[in-house]
Amino acid sequence: MSVRLTKKQEEIVASPLDAKLFLRGRAGTGKTTVGVWRLRQLIAAGVPAHSILVLVPQKRLALPYYNEIRNPRRKGGAEATVATLGSLSHQIVNLFWPLLAKQLNQHEPLRRPAFLSSELIQYLMFKLLEPQIAQNDYFNSVTITRPRLFSQLADNLNKSALVGFPHTTLAQRLKAALPSDQEQAHIYDDAQTCVNVFRAYCLEHRLLDFSLQVSQFIQQLWPHDVPRAYLTRRYKHIIADNLEEDTPVTHQLLREWLPGCHSALLIYDEAASYRRFLGADEVSAESLQELCTTTYELDATRVMSPAVESLLVEISELMTGETLDAPKRKGETAAAISFTPASRSRFHTQMVDWVADTVAALVQEEKVKQNQIVILAPLMSDSLRFSLVSRLESRGVPSYTLRPSRPLHAEPAVRALITLAKLAHSHWQIEPQHQVKKFDVVQMLLSAMADLDLARATLLADIRFVGGKLLPFREISKNPEMRARITEVFGERFDKLVGWLDAYRAGTPETIDIFFSRLFGEVLSQKGFGFHFSKRANPQNAFDEARIVANLIDSSRSFRQTLDQIEPDTDTGQEYARMVDAGILADQYEPRDWKKSPDAVLIAPAYTFLLSNQPVEYQFWLNIDSQAWTRRLQQPLTQPYVLSRQWPAGRIWTENDEQQTSREMLLRVVTGLLKRCRKKIFVGYSKFDERGNEREGDLRIIFDLLLRTLNQETNM
Amino acid sequence: MASANFHPRPNQSKVLAYSGGKMGVSAVPGSGKTTTLSALAAKLVREANLQRGQQILIVTLVNSARGKFEQSVRNFLGEGNLGTLYRVRTLHGLANDIVSERPSLVGLSDDFQIVDEFEAKAILTEAVAAWFNAHRDFGVEEYFSAEHQNKEQSRRVWRERAADIALEVIQKAKDFRWRPDALRAALSAATQSLPLAEMFTEIYESYERGLRYRGGVDFQDLIRLALDVLEASPDYLATLRQRWPYILEDEAQDSSKLQEAILRKLAGESGNWVRVGDPNQAIYETFTTANPEFLRSFLREPDVTAVELPESGRSAPRIIATANRLIEWSLKHPNAKLRQRRPLSAPFIQPAENNPPDEGANVKILWQDQRSSEKEREDVAKSVRAWLADNPDKTVALLLPTNANGAKMGELLQQLKIPHVEVLRTTTSTREVARTLHHIIDFLAHPTDTAMLVKAFSAWLREDGEATKTNDAVNQLRKLKYVEQFTAPRDKDWLLDLRGNSSAPEKFERLEAFRALIQRWQDAALLPIDQLLLTISGELFKEPAEFATAYSIALHLRSYAEDNPEHRLADYAVELGQIVRNNRKFAGLGEEDDQFDPTGFVGQAVVITHHKAKGLEWDRVYLMSVNNYDFPSGDPFDKYQSENYFARDRLNLSAEALAQLRALAVNEPYREGEASEQARLEYCSERLRLLYVGITRAKRELIITWNTGKSLDLQAAKPLPALAVALEGGEANASS
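Protein sequence lines, in the order shown, are assigned to chains H and D.
Going by the working numbering, the first sequence opens with residue 2, and the numbers climb by one from there.
Going by the working numbering, the second sequence opens with residue 11, and the numbers climb by one from there.
Hints may contain errors.
Unchecked claim - Cβ pair distances, simulated, as ranges:
id	chain 1	residue 1	chain 2	residue 2	range
1	H	Arg396	D	Gln81	34 to 42 Å
2	D	Ala414	H	Lys479	45 to 53 Å
3	D	Ala461	H	Asp452	20 to 28 Å
4	H	Ala186	D	Ala248	21 to 29 Å
5	H	Asp326	D	Ala248	33 to 41 Å
What the hints assert, rightly or not - Straight-line alpha carbon distances no greater than 20 Å define the calculated SDA-like cross-link-like pairs of lysine to any residue that follow:
id	chain 1	residue 1	chain 2	residue 2
6	D	Lys489	H	Arg486
7	H	Lys438	D	His456
8	D	Lys392	D	Gln614
9	H	Lys128	D	Arg224
10	D	Lys502	H	Arg486
11	D	Lys491	H	Arg486
12	H	Lys439	D	His456
13	H	Lys439	D	Asp533
14	D	Lys491	H	Asn480
15	H	Lys688	D	Asn85
Derived from the structure by calculation, the hints contain no laboratory data.
Glycine included, each C-beta is placed from N, C-alpha and C at the ideal position.
Let the hints inform the model, and build the full structure from the sequences given.
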């Protein structure tokens with residue numbers, strides 16, 4: 002890391018080896034830098050690396066620490082451990098399973114448990130709960146799709162584990178805080194019944210979903226002498242970063258762990274807590290300060306330019322109505338913000354064109370690094386993403402996208418692989434509506450073969466997809482004209498693919514993940530095929546597809562491994578394809594190579610960018626009229642605020658809370674983004690949104706006011 | 011009316027003097043209520059000292075009116091930053107806003123879908139079919155007349171109609187907030203036998219299950235749920251009251267009970283609420299629970315300032331006299347029960363200062379001319395053709411009672427090559443958007459078909475404002491043998507060759523631009539259908555209304571795709587074709603028919619239903635099919651659309667079903683036949699008002715015709731002779 006530390010940062014890093022430090026400050030003030038230097042300092046001073054634990058709320062936030070651990074200048078030997086509550090509990094539950102099994106009265110304590118991925122949870126809920134819901138008419142006053150219903154049930158279970166209350170009290174908590182008419186009240190009881198059934202099933206079949214894994218770790222193993230000694234004796238130095246994004250049980254764990262540690266550095270970001278909907282709790286995070294001997298605060302930004310800082314002050318004042326005691330550099334603020342010009346702000350498409358032009362100009366004329374630009378919207382729809390990616394591509398700018406939790410079947414690359422899997426496994430029993438149709442073959446070919454166009458893909462499917470099978474191109478002998486139209490180049494590629502499928506069919510079927518893996522490795526990632534990295538002029542554009550395929554392989558592997566344990570007679574491949582078709586499975590994996598961000602412009606939902614905690618020079622904020630900037634996720638069966646530890650028993654959630662939350666969310670997201678911006682934000686605005694509606698979100702109103710203030714300043 | 015030219019008349023000034031409290035304005039057709047209400051909105055925006063986040067809320071019934079208001083208020087205010095200080099919404103749009111802000115209060119997830127009418131009908135048809143499957147032995151035979159008891163044909167028709175009846179019954183049940191579980195509970199406790207209630211409760215239950223499973227709500231639900239939200243959270247209601255300190259409501263006579271309740275809640279006890287409407291123009295009573303009495307009784311409330319806008323500058327004096335005569339006739343209606351209901355009432359229309367003059371025989375009521383419906387269409391077509399030739403700079407409309415009648419009229423005009431535009435189930439512009447998208451999707455589904463490519467190109471050129479017939483590029487494109495040589499050239503680039511060989515290569519610039527787009531759209535063919543449509547629309551259209559239409563089509567296709575997972579691009583193209591052919595209806599949230607403006611169709615005949623014509627005006631208006639079937643008067647020989655020929659005792663099965671449900675919901679005894687009679691009276695009243703609406707669409711000339719119908723035994727609608735006779739100077743039976 003080539004950053005120079007400030008005096009204050011140096012002072013913290015150089016604290017005694019037995020110091021317990023609490024470091025607080027706003028985003029962009031260099032706290033994580035201190036964390037990384039402290040890690041380096043500890044090791045340099047002779048602390049064994051294996052005794053250091055770096056604890057973060059999610060893997061992505063550990064990136065700077067991984068970079069440090071991988072630093073080639075560092076001496077070899079054991080490494081510090083980077084963990085999340087999830088990975089730590091997984092490790093300990095796995096290691097001490099026999100102990101836990103005994104406590105859970107399992108008959109065969111030595112038989113290993115199965116850890117359920119989020120897909121498996123959805124799958125099992127679907128199989129287990131769907132019949133009960135239909136039979137008992139549960140949730141009859143809730144209008145919701147099945148995947149959303151199950152994810153909210155899973156969410157409730159996770160909250161109980163992460164916040165630390167019995168899952169059996171979920172309904173009672175929700176009903177107490179969210180009183181509604183009788184028709185609605187019973188849905189919480191229905192939800193309670195469903196999670197109880199699911200929990201009982203998991204325990205009976207030794208299945209550990211995330212909530213059970215965490216709660217067993219916290220409630221059974223951590224209090225037990227042996228596992229606790231294992232952890233506390235091994236890790237004597239703890240660096241916990243982004244505490245405010247972590248959950249109360251993590252904080253509780255630290256509270257009990259810290260007294261026995263040699264040293265600790267707890268890093269706390271003020272006014273963040275973007276993961277509240279996942280159980281993050283800044284109040285319990287801050288309470289850990291009392292366990293530390295020294296508290297430091299960093300307040301000088303290391304990210305924002307003076308102009309951006311001044312913009313932050315102006316916007317914060319507009320949003321809160323308070324005057325801040327902070328530097329506002331009159332006249333400078335305007336340099337940190339640009340709006341879509343009036344001539345290009347009538348329609349959404351014009352605005353998107355403006356974004357692409359501006360990005361291209363930054364990259365090509367001002368030589369800004371591509372990975373220093375992000376394009377953000379509160380929600381990133383397929384069409385918005387497509388419009389951006391294709392426009393950037395035509396201007397020679399590579400981009401990549403992060404959009405977690407989308408259904409897998411929404412990804413063309415996934416659909417292509419599923420189509421190929423169905424073609425390769427003709428014995429699968431597939432429901433008629435999901436059998437392979439000609440257009441599926443066309444879409445598959447477009448994804449699978451590089452440079453292929455819709456017309457030729459259609460020609461190929463027209464004449465070579467016969468009776469549910471692909472026939473070789475080389476066997477077209479009577480129609481030389483057709484051969485010439487398709488071209489030999491594509492014919493040859495097509496035959497490679499068909500040859501591979503034929504050879505596969507002739508052998509013993511592989512498991513689904515191995516099938517995907519081989520297909521990808523042996524064909525699709527080869528030159529001339531769709532997932533070869535030099536597919537297009539801008540190789541990074543293949544990044545998204547490659548990541549998605551890697552995720553598909555991981556997801557199908559974990560699905561297969563666990564399902565084999567639970568239902569050994571089920572054809573997991575067929576079942577997996579069925580679940581993808583039904584939209585039950587979602588893309589929820591971190592990219593395998595997430596530690597290496599590509600050199601490309603990032604297109605992402607604003608929250609996803611915030612949670613990755615990586616400052617950039619330029620940010621584009623799109624669709625500022627959208628209500629999604631301010632509105633919390635509305636979920637009828639769960640509510641993160643009332644299920645938090647800070648929610649007093651018996652208090653009722655009111656409209657005032659709702660509005661307070663909205664204002665707070667907007668303030669946090671706006672200030673969070675600005676603190677991660679070095680030079681400038683570009684505000685993308687169009688009078689009509691892509692649906693032809695005129696909208697007016699709160700953020701737009703703020704920018705309206707800001708614009709007026711800026712105009713006044715310039716006029717002065 | 012442009013804001014600069016608006017000089018309020020004294021009565022209009024009374025409305026403009028409003029500064030707070032409740033006001034009810036009873037406005038006759040053509041009294042300038044839109045302009046007055048817009049001027050009032052603009053005044054409040056300027057003078058009401060709105061705080062940050064506060065807005066004047068203007069509520070309209072249909073989307074066409076929303077667009078008009080939007081424009082009109084903007085005209086009064088001028089451009090500027092004031093756009094965020096007022097908000098114009100349709101009642102459905104408003105309900106959607108309310109529910110979308112707090113969906114979890116009523117058990118909705120934030121990605122809830124609004125199913126369109128077509129999909130709702132599909133769910134319902136499934137539910138009805140399931141009911142018939144499960145009840146083979148009980149087909150509600152007891153409601154069949156003796157002669158139809160054992161007729162297979164009648165049973166088949168009954169099965170087909172059951173879905174329509176169910177739709178009507180469920181819509182109204184929702185409007186009355188009768189929930190299926192409460193009905194079910196009441197049914198099990200009921201002492202009276204209520205076979206129709208049993209049948210439709212069961213269908214209602216399974217329809218609701220179907221909606222829930224899709225995560226969807228229908229249009230009626232939106233209204234009901236909005237009220238539920240407001241009742242569930244007084245705090246949220248307080249927030250909304252704070253946000254909208256003034257509510258201006260247009261077409262208040264057509265608000266249903268629930269809609270009125272929503273606005274009443276939003277306004278609050280002592281709130282600021284201006285309702286403008288005309289009870290004489292209430293024409294939604296039979297579709298919804300709207301009732302002109304609601305507005306009349308509002309006008310009588312003690313804290314309401316009632317104002318009348320009786321002057322109308324729209325029509326020539328003789329047309330006004332005809333409309334007034336209809337009011338008088340209805341006040342003395344020969345049928346006592348109808349007379350009691352007062353279908354039409356004062357105020358009478360008073361001419362303003364600059365009405366168009368009566369010229370020649372400008373009102374013709376051809377009540378003595380007996381014609382078949384074909385003959386009526388032919389005669390009107392001839393008359394229109396002649397008139398258009400003499401009046402190329404004027405507007406004319408043909409008003410028909412139903413979409414089906416309209417479509418037939420449209421076909422004839424098409425055959426006779428008479429320039430015309432149809433504003434029917436889907437408007438022409440909706441269909442134009444659908445047609446363009448259809449051609450492009452059709453090509454993407456058949457990307458090797460030159461003919462499809464040509465159609466897609468022509469559609470794109472049209473959107474770009476270029477005529478296609480004479481376009482060289484189109485002709486060249488027709489000669490293209492292999493599409494891929496244009497869309498994805500490899501060894502041979504057809505376009506490059508074409509340009510190279512041409513003396514005027516610039517002629518092919520449009521092809522170049524089109525190719526770039528088509529290439530992008532081909533890549534987008536991998537996206538889900540709704541996203542593909544949005545992507546294409548973004549680059550194709552230029553008007554907000556077009557985007558909005560494209561969006562509602564995209565939503566429709568998304569639910570269509572979810573319901574039919576076996577379908578692919580080619581099937582979506584077929585479905586788009588259905589929209590183009592007018593077989594699918596888009597309504598409700600009203601992304602349809604934004605601002606139909608008759609003045610845009612000078613020199614063309616506009617074919618339109620009476621309902622859609624409301625709020626519009628033309629120089630000449632033909633009111634067609636004014637017979638005792640479409641405009642009955644409660645005579646024993648009148649026939650009614652909603653009464654099924656196979657039902658005994660002239661029972662109206664949907665009215666009886668609804669009455670049985672009401673008996674359950676409000677716990678009162680059910681008496682057979684009463685509801686059917688009530689329905690007949692309601693229908694007669696509403697049709698009278700519809701006739702009034704039709705008459706008042708005409709500015710200079712009015713022609714009323716009728717036909718003898720399918721059975722050739724229909725008569726002229728009862729009021730026609732009275733109107734004709736009373737026409738001073740009018741020609742009671744001149745030929746047109």
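Going down the list of hints, with the structure as the test:
About 37 Å separates the C-beta atoms of Arg396 (chain H) and Gln81 (chain D), a value consistent with the hinted range of 34 to 42 Å. Here the CB-CB span from Ala414 (chain D) to Lys479 (chain H) is close to 52 Å, well matched to the stated 45 to 53 Å. Roughly 26 Å separates the CB atoms of Ala461 (chain D) and Asp452 (chain H), a value that falls within the hinted 20 to 28 Å. The given range of 21 to 29 Å is respected by Ala186 (chain H) and Ala248 (chain D), whose C-beta atoms sit roughly 23 Å from each other.
Under the hint 33 to 41 Å, the C-beta atoms of Asp326 (chain H) and Ala248 (chain D), about 34 Å apart, fit the expected range. Between the alpha carbons of Lys489 (chain D) and Arg486 (chain H) the distance comes to roughly 17 Å, so the proposed pair stays at or under 20 Å and holds. A hinted pair counts as satisfied when its Cα atoms are at most 20 Å apart, and Lys438 (chain H) with His456 (chain D) qualifies at roughly 14 Å. At roughly 14 Å between alpha-carbon atoms, Lys392 (chain D) and Gln614 (chain D) fall within 20 Å of each other, so this suggested pair holds.
At most 20 Å may separate the alpha-carbon atoms for a hinted pair to count; Lys128 (chain H) and Arg224 (chain D) meet this at roughly 18 Å. Our distance criterion of 20 Å between C-alpha atoms is met by Lys502 (chain D) and Arg486 (chain H), whose separation comes to about 10 Å. Annotation: proposed proximity of Lys491 (chain D) to Arg486 (chain H) holds, straight-line Cα distance about 11 Å (limit 20 Å). Taking the CA atoms of Lys439 (chain H) and His456 (chain D), the gap is near 12 Å; set against the 20 Å cutoff, the hint holds.
Taking the CA atoms of Lys439 (chain H) and Asp533 (chain D), the gap is near 17 Å; set against the 20 Å cutoff, the hint holds. Between the alpha carbons of Lys491 (chain D) and Asn480 (chain H) the distance comes to roughly 16 Å, so the proposed pair stays at or under 20 Å and holds. A distance of roughly 17 Å separates the Cα atoms of Lys688 (chain H) and Asn85 (chain D); the hinted pair therefore holds under the 20 Å criterion.
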